[in-house]
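Given the sequences, and given the hints that come with them, work out the whole structure.
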Amino acid sequence: MNAYLDIHPEVKAALEANQPVVALESTIISHGMPYPDNVTTALKVEETIRENGAIPATIAIIGGRLKVGLTHEEIEYLGKTGLAITKTSRRDMPVIISKKMDGATTVATTMMIAAMAGVKVFATGGIGGVHRGAETTFDISADLQELANTDVAVVCAGCKSILDIGLTLEYLETNGVPVIGYQTKVMPAFYNRESDFGVDYQLDTAEEIAGAMKAKWEMNLKGGMVVANPIPEQFSMSRDLIDPAIEQALRELDEQGVKGKESTPFLLSRVKELTGGDSLESNIELVLNNARLGAAIAKSYCAA
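Just so we're aligned, residue 1 is where the sequence shown starts under the working numbering, counting upward by one.
Check each hint, because a few of them may be wrong.
To be verified - Lysine-lysine pairs mimicking DSS-like chemistry, simulated, CA-CA at most 30 Å apart:
#1 Lys272 <-> Lys185
#2 Lys87 <-> Lys100
#3 Lys99 <-> Lys80
#4 Lys44 <-> Lys12
FYI, nobody ran anything at the bench for these hints, they're computed from the structure.
In structure tokens:
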């Protein structure tokens, strides 16, 4: 057992009994939206996973401990503390742990800690990727390298639409990461059901996806899998609305010199403001949708 790892008793019992568990990230709590909406949403996502037959395991770093499964009090703490908690990717972990700090886990670190605990399915909003203009900035999310190396399937609504979707898919292909479209041949664009790019394969059931996961890892093909799950149609935002908001946010990012780990929170916050809050509602609904699919995949994987 990892000396820094604390697995919630309910999660540990489920893993030992081969029952389905779905990992959840904590950056969406501390950095994704204001209090108390962040806590309400986090608890609703956990409840959705339970309603669909799996155990939720929200992941965070608290007091230098890697937490797999949080109490309501710990989720409340993350929500209230908010931006004061360090957004933690792979590079940050040695210092965060050694100094016994708190950390909100990104997609990359959630995957890492889930894998340490033996959790194979992770539901989130959208993965990070290659940022627009990366040919000069080299701004590429650590999420992509984690997907290349860590055996966890990530259920998402595609990569965040503020990113370069085409280059993100090229990067994943180079690193051997399958991009599976759930009931779609088209890569979803987070707030929107469609982009101009295709996925590697369309699979139409949770059982098919679980079968692909099992085959991949039984052949010792290292790395994760992206399960791209389009946002429900009634919550999909018009590209005529969302695309100009993204373009304006990107211009402001450049003008204000925002870089590195602050880029994505800045862009998502500005897009929310520019769309009058509509993007926040869409964001919440796509996470709930991914939680439902994540639970179904986890159940199928345990039964495979």
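Hints, one by one, checked against the model:
{"no.": "1", "hint": "Lys272 <-> Lys185", "result": "holds (28 Å)"}
{"no.": "2", "hint": "Lys87 <-> Lys100", "result": "holds (14 Å)"}
{"no.": "3", "hint": "Lys99 <-> Lys80", "result": "holds (21 Å)"}
{"no.": "4", "hint": "Lys44 <-> Lys12", "result": "holds (21 Å)"}
Violated hints for the displayed structure: none, as all numbered hints are satisfied.
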